[in-house]
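Participant: One line per chain: the protein sequences are A and B, in this order. Mapped onto my numbering, the consecutive letters of the first sequence carry residue numbers 1 to 438. Mapped onto my numbering, the consecutive letters of the second sequence carry residue numbers 439 to 876.
Hints listed in this document are in silico derivations from the structure and should not be mistaken for laboratory results. Each residue gets a CB set at the ideal place from its N, CA and C atoms; glycine is no exception. Some hints here could point you the wrong way.
Unchecked claim - Computed footprint of chain A on chain B; a stretch qualifies when at least three of its residues, placed anywhere within it, have a C-beta under 8 Å from a C-beta of chain A: (1) 483-492; (2) 510-521; (3) 676-683.
Claimed, not checked - FRET-style restraints, in silico, Cβ to Cβ: (4) B:Asp616 to A:Ala348: 30 to 36 Å; (5) B:Gly687 to A:Val363: 43 to 49 Å; (6) A:Thr73 to B:Ala783: 55 to 61 Å; (7) B:Asp616 to A:Ala354: 40 to 46 Å; (8) B:Asp616 to A:Arg426: 50 to 56 Å; (9) A:Ala250 to B:Thr872: 55 to 61 Å; (10) A:Arg223 to B:Arg585: 33 to 39 Å; (11) A:Arg426 to B:Asp781: 54 to 60 Å; (12) A:Phe198 to B:Thr872: 42 to 48 Å; (13) A:Leu284 to B:Arg585: 57 to 63 Å; (14) A:Thr431 to B:Ala783: 58 to 64 Å.
Each chain, written out:
Protein chains: 2
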Amino acid sequence: MTAETPFTQRLAEFAANTPSDAMDADAMQVLRLSLLDWLSVGLAGIHEPVSRICRDMVLDEGGAAQASVFGSTVKLPARAAALSNGTTSHALDYDDTHFAHIGHPSVAIFSAALAVAERENANTMAFLEAALIGMEVSIRVGVWLGRSHYQTGFHQTATAGAFGAAAACARLMGFDADQTAATLGLTATRASGLKAQFGTMGKPFNAGLAAANGVEAATLVARGFVPNPLALEGALGFGAIHAGEGDGGAALAGLGQDWMFTDVRHKFHACCHGLHATLEALALMPEIDAGEVERIDILTHDRWMTVCNQPAPTTGLGAKFSYTTVAAMTLLGHSTAALNSYDDALCAQPELVALRDRVTVAVDPALEETQARVTISLRSGGTHDRSFDLNAPMSLGDRETRVRAKAAALLGQDRADALWRLCLDRSDDLTVYTVLPG
Amino acid sequence: MTAETPFTQRLAEFAANTPSDAMDADAMQVLRLSLLDWLSVGLAGIHEPVSRICRDMVLDEGGAAQASVFGSTVKLPARAAALSNGTTSHALDYDDTHFAHIGHPSVAIFSAALAVAERENANTMAFLEAALIGMEVSIRVGVWLGRSHYQTGFHQTATAGAFGAAAACARLMGFDADQTAATLGLTATRASGLKAQFGTMGKPFNAGLAAANGVEAATLVARGFVPNPLALEGALGFGAIHAGEGDGGAALAGLGQDWMFTDVRHKFHACCHGLHATLEALALMPEIDAGEVERIDILTHDRWMTVCNQPAPTTGLGAKFSYTTVAAMTLLGHSTAALNSYDDALCAQPELVALRDRVTVAVDPALEETQARVTISLRSGGTHDRSFDLNAPMSLGDRETRVRAKAAALLGQDRADALWRLCLDRSDDLTVYTVLPG
Numbered sequence: 001m002t003a004e005t006p007f008t009q010r011l012a013e014f015a016a017n018t019p020s021d022a023m024d025a026d027a028m029q030v031l032r033l034s035l036l037d038w039l040s041v042g043l044a045g046i047h048e049p050v051s052r053i054c055r056d057m058v059l060d061e062g063g064a065a066q067a068s069v070f071g072s073t074v075k076l077p078a079r080a081a082a083l084s085n086g087t088t089s090h091a092l093d094y095d096d097t098h099f100a101h102i103g104h105p106s107v108a109i110f111s112a113a114l115a116v117a118e119r120e121n122a123n124t125m126a127f128l129e130a131a132l133i134g135m136e137v138s139i140r141v142g143v144w145l146g147r148s149h150y151q152t153g154f155h156q157t158a159t160a161g162a163f164g165a166a167a168a169c170a171r172l173m174g175f176d177a178d179q180t181a182a183t184l185g186l187t188a189t190r191a192s193g194l195k196a197q198f199g200t201m202g203k204p205f206n207a208g209l210a211a212a213n214g215v216e217a218a219t220l221v222a223r224g225f226v227p228n229p230l231a232l233e234g235a236l237g238f239g240a241i242h243a244g245e246g247d248g249g250a251a252l253a254g255l256g257q258d259w260m261f262t263d264v265r266h267k268f269h270a271c272c273h274g275l276h277a278t279l280e281a282l283a284l285m286p287e288i289d290a291g292e293v294e295r296i297d298i299l300t301h302d303r304w305m306t307v308c309n310q311p312a313p314t315t316g317l318g319a320k321f322s323y324t325t326v327a328a329m330t331l332l333g334h335s336t337a338a339l340n341s342y343d344d345a346l347c348a349q350p351e352l353v354a355l356r357d358r359v360t361v362a363v364d365p366a367l368e369e370t371q372a373r374v375t376i377s378l379r380s381g382g383t384h385d386r387s388f389d390l391n392a393p394m395s396l397g398d399r400e401t402r403v404r405a406k407a408a409a410l411l412g413q414d415r416a417d418a419l420w421r422l423c424l425d426r427s428d429d430l431t432v433y434t435v436l437p438g
Numbered sequence: 439m440t441a442e443t444p445f446t447q448r449l450a451e452f453a454a455n456t457p458s459d460a461m462d463a464d465a466m467q468v469l470r471l472s473l474l475d476w477l478s479v480g481l482a483g484i485h486e487p488v489s490r491i492c493r494d495m496v497l498d499e500g501g502a503a504q505a506s507v508f509g510s511t512v513k514l515p516a517r518a519a520a521l522s523n524g525t526t527s528h529a530l531d532y533d534d535t536h537f538a539h540i541g542h543p544s545v546a547i548f549s550a551a552l553a554v555a556e557r558e559n560a561n562t563m564a565f566l567e568a569a570l571i572g573m574e575v576s577i578r579v580g581v582w583l584g585r586s587h588y589q590t591g592f593h594q595t596a597t598a599g600a601f602g603a604a605a606a607c608a609r610l611m612g613f614d615a616d617q618t619a620a621t622l623g624l625t626a627t628r629a630s631g632l633k634a635q636f637g638t639m640g641k642p643f644n645a646g647l648a649a650a651n652g653v654e655a656a657t658l659v660a661r662g663f664v665p666n667p668l669a670l671e672g673a674l675g676f677g678a679i680h681a682g683e684g685d686g687g688a689a690l691a692g693l694g695q696d697w698m699f700t701d702v703r704h705k706f707h708a709c710c711h712g713l714h715a716t717l718e719a720l721a722l723m724p725e726i727d728a729g730e731v732e733r734i735d736i737l738t739h740d741r742w743m744t745v746c747n748q749p750a751p752t753t754g755l756g757a758k759f760s761y762t763t764v765a766a767m768t769l770l771g772h773s774t775a776a777l778n779s780y781d782d783a784l785c786a787q788p789e790l791v792a793l794r795d796r797v798t799v800a801v802d803p804a805l806e807e808t809q810a811r812v813t814i815s816l817r818s819g820g821t822h823d824r825s826f827d828l829n830a831p832m833s834l835g836d837r838e839t840r841v842r843a844k845a846a847a848l849l850g851q852d853r854a855d856a857l858w859r860l861c862l863d864r865s866d867d868l869t870v871y872t873v874l875p876g
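Construct the entire structure; sequences and hints are all you get.
Facilitator: As structure tokens, this is what we get:
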């Protein structure tokens, strides 16, 4: 393996040859948190229209009982299960995010890896290791495609995600580096997904197709399919013709030692990402009685003013894009992590409206997109002032507390606790899939 | 419908609203010839490794018995059947070509339309009309994407093909223009296929995925999927971000009156396309006894000299890229349409070698890529001189004779005649699919 080794070959050797004991313990713990997070948003997403539509299509197709499906007790072929589960787990847009990947890694990777693990009777550790490999490959490919790929209009969750899903499946199937490269090369002719679908059912579907593409490529290569193994790179390769930056140095830096996946971020509020720094700053406040609040002043980045600054929404959906509303919700004790907090009735509550109307929102040019500053002025004359940056590091313990609290908000405490025990499992049984039917 | 009507909406209105009696009779007759051609290459392609690999994958997945599959008596879900049939019918690379589309229309369109027609119990005329709509849409989208799309590295057979497949399925499912536009918009996030796969199993697979993508999009829209219906066009649309030229004027010219599909070309020789003009010129010669031939001089375009000018191949595959060999084969009465003519033993036949060695090949700068000129000099002193241009028009009668002869070369005369009777069927039964198992 030299500097001239093709990018795909480097990724393939990493995926095929990284020994189990070289997997970083912190990365593996974050992976377990992402698994809990993915299971939570998947189970909470089964009733979304797009989830039902995709699930019903593959259930009507039916087929071999290979893999479990969110929201159904019927098992399906792995390729179909991956399509349905990827779509369902992204339906709420509440899953994890990796800012260097520029995408949502878990929805593609876990959906593909779990389906193939179940089909191939892999054990828990093999599944988790393959998922960690897939996460890392999807992030590295995302970095390699770069911001130009995303800005041009490609949805990295779907495109880079498909390559990560393919790598995870290849690892689960015991492929050597050449077979893994073939799987990535075949994925290159199948990978797709447009940002033009944002705001429609097409966005979650993009996650589903990423997962299905990875499963399909690995399944075909196992049967002897011989594609161009280098179709990801080169002058006619996927990257070059999809506005990829192709910075192999950045994408391969520390591969095998540094786990970029560890920087994944979980969403802790079921609303627009532009509100999250404000909500985190509010969470740092001491306990404040809402009746004592004179005014709340929020400073944020200019970008969000046209995105999520509805001053007086009347619907639950509108509340998800309203600084004033979510600030009032927090002080009144409504969970901003729970989906059913955001409803039309809430927006009309006199207590909430009164508090909401004491909130101001303004731009501070010194703040980054990930930062916010909140000042609460009390009737007594005192003030509390807190700031937050979503890019700030968070300890593993804090992450666990937050992800488990989110799971509890979505599914109830008992179910969340049971799911977390499952995610911590180190046995030979792959029992995670038994919870997918919900 | 005005000049400002979005491109997708124009295609959708054409697909949904073109009445049966507005379908051009000549185009419909050419469509029947393409159907015979597609069935012939599909049935002849079932033993190719890529066909077996894709078929075995979907057979192992199994599922609802909705649609027939080339090479299997087991029916499968329409989406799976389309994937397998598209791959199988392109495996020999012997299917039809449309030069304005820059692709092979039948492999995507018939594979999708037949699977959905069978699933939906459509009759023969509904199937043929939907296929003709799909062909026309795929060609129009191909023109709209343009040569820049192809030159950049996208495989129009797969990309434009997916939109045509989607339109055919939408028509079969009785969609109105808005539903059809939604089907095209959803296809935009799924369409893919790289030229980087040329020369590998990935090329025929690209045809399969085009067909499957069209079936999938229509199936989801029928269930209520709401995508961005204009994701094909606009600044973030499929065309703009895949190096599409976006010349709506050229792509929509005469839509509904002129059927660009009629210009489709069928391959009549199971060898490299660069040899076809030479073989057609030879076919125009009077009957010549091979023993009387002193020499054969072929003039061709420079482009082909590095592609298919192997002077003395020793393998059947080499023979498919050899002017000298195919010229000798023709004069000795070996069918250049039959797959099994090209074998290693033929290349060693003393009679063939002797004649082959009397062939010269040279470049004539005055010739186009589609043209060739052949001069046969006889021992008696006389010469015969014939030229051919693959772009020259061919009468419907001549086309029928040639396509049926090709079918007979691939499948035997009796089977070819039976298939042609099936293609001419105007009954309410859709019996074409009964022949797919072979």
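Participant: Now look at each hint and say whether the structure bears it out.
Facilitator: For each hint, the structure was consulted:
no. : hint                             : result
1   : 483-492                          : holds (count 4)
2   : 510-521                          : holds (count 3)
3   : 676-683                          : holds (count 5)
4   : B:Asp616 to A:Ala348: 30 to 36 Å : holds (35 Å)
5   : B:Gly687 to A:Val363: 43 to 49 Å : holds (45 Å)
6   : A:Thr73 to B:Ala783: 55 to 61 Å  : holds (59 Å)
7   : B:Asp616 to A:Ala354: 40 to 46 Å : holds (44 Å)
8   : B:Asp616 to A:Arg426: 50 to 56 Å : holds (53 Å)
9   : A:Ala250 to B:Thr872: 55 to 61 Å : holds (56 Å)
10  : A:Arg223 to B:Arg585: 33 to 39 Å : holds (35 Å)
11  : A:Arg426 to B:Asp781: 54 to 60 Å : holds (58 Å)
12  : A:Phe198 to B:Thr872: 42 to 48 Å : holds (45 Å)
13  : A:Leu284 to B:Arg585: 57 to 63 Å : holds (58 Å)
14  : A:Thr431 to B:Ala783: 58 to 64 Å : holds (59 Å)
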